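J.: As a plain string of letters, each chain reads:
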Amino acid sequence: GQQLNQSPQSMFIQEGEDVSMNCTSSSIFNTWLWYKQDPGEGPVLLIALYKAGELTSNGRLTAQFGITRKDSFLNISASIPSDVGIYFCAVAGGTSYGKLTFGQGTILTVHP
Amino acid sequence: GAVVSQHPSRVICKSGTSVKIECRSLDFQATTMFWYRQFPKQSLMLMATSNEGSKATYEQGVEKDKFLINHASLTLSTLTVTSAHPEDSSFYICSARMVQETQYFGPGTRLLVL
Chain A
1 GQQLNQSPQS
11 MFIQEGEDVS
21 MNCTSSSIFN
31 TWLWYKQDPG
41 EGPVLLIALY
51 KAGELTSNGR
61 LTAQFGITRK
71 DSFLNISASI
81 PSDVGIYFCA
91 VAGGTSYGKL
101 TFGQGTILTV
111 HP
Chain B
113 GAVVSQHPSR
123 VICKSGTSVK
133 IECRSLDFQA
143 TTMFWYRQFP
153 KQSLMLMATS
163 NEGSKATYEQ
173 GVEKDKFLIN
183 HASLTLSTLT
193 VTSAHPEDSS
203 FYICSARMVQ
213 ETQYFGPGTR
223 LLVL
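Chain order of the listed sequences is A and B. Per the numbering used here: the first sequence = residues 1 to 112. Per the numbering used here: the second sequence = residues 113 to 226.
One thing to keep in mind: the hints can contain errors.
Said to hold, decoys possible - For lysine to aspartate or glutamate, the following EDC-like pairs were computed, each having C-alpha atoms within a straight-line distance of at most 16 angstroms:
hint, chain 1, residue 1, chain 2, residue 2
1, B, K178, B, E199
2, B, K126, B, E171
3, B, K153, A, E41
4, A, K51, A, D71
5, B, K153, A, D71
6, B, K167, B, D177
These are calculated hints, taken from the structure and not from any lab test. Please read these numbers as outputs of a predicted model, since none were measured by experiment.
Using the sequences provided together with the hints, build the complete structure.
T.: Now the structure itself:
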């Protein structure tokens, strides 16, 4: 089946540092999504990418849809304690039309 | 916009009983909703796709007679866990699909079966 490789699995950083995480796949996808999940909550959509090469920002967050349509990265600048959570990439399209395939998640811990 | 609610947020039930979880799209109509299950420190696992006015499509390994899905309107899908057992204890999350495959998630329902 379709698989996404998300890295790193976890990150421990100091407040104020920048963060970068990425996802890669062996297949081409038409939509890349980044979600954040807080403990005990559902995932919240951060950024949606629909076009290869697209670079999109949402406040301190920036994400890019790779030109090959097989990868994406998410950057968080000047991290703050409330950035703590699990970040998931997800893709749509490919052979599982209409469904999302999720990465394994990146657990982010921010030390004050 | 794109708000999805779930009810209840948490439920504790006895083994053998059935539990119904509701998923509502509050500010948009969703012809397609999805039900996921998530175990601690793991990613989301798709259980089934709920289509308004038609039968749900279940993922491989998910028992359709155990996890009953009803999508009776464009804003409501329900998941009923029938004859629940302790191994059904988990975090159940629904989502609703909007344009271009983007899904918006509900806040989740924590189920504990004793």
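J.: Does each hint fit the structure? Answer for all of them.
T.: Results of checking the hints against the structure:
1. B:K178 <-> B:E199: OK: B:K178 and B:E199 at ~12 angstroms, within 16 angstroms.
2. B:K126 <-> B:E171: Judged against 16 angstroms, a Cα distance of about 26 angstroms means the pair is violated.
3. B:K153 <-> A:E41: Answer holds: B:K153 to A:E41 is near 13 angstroms, not above 16 angstroms.
4. A:K51 <-> A:D71: With Cα atoms ~12 angstroms apart, A:K51 and A:D71 stay inside 16 angstroms; holds.
5. B:K153 <-> A:D71: Not OK: B:K153 and A:D71 at ~23 angstroms, beyond 16 angstroms, violated.
6. B:K167 <-> B:D177: 12 angstroms, holds
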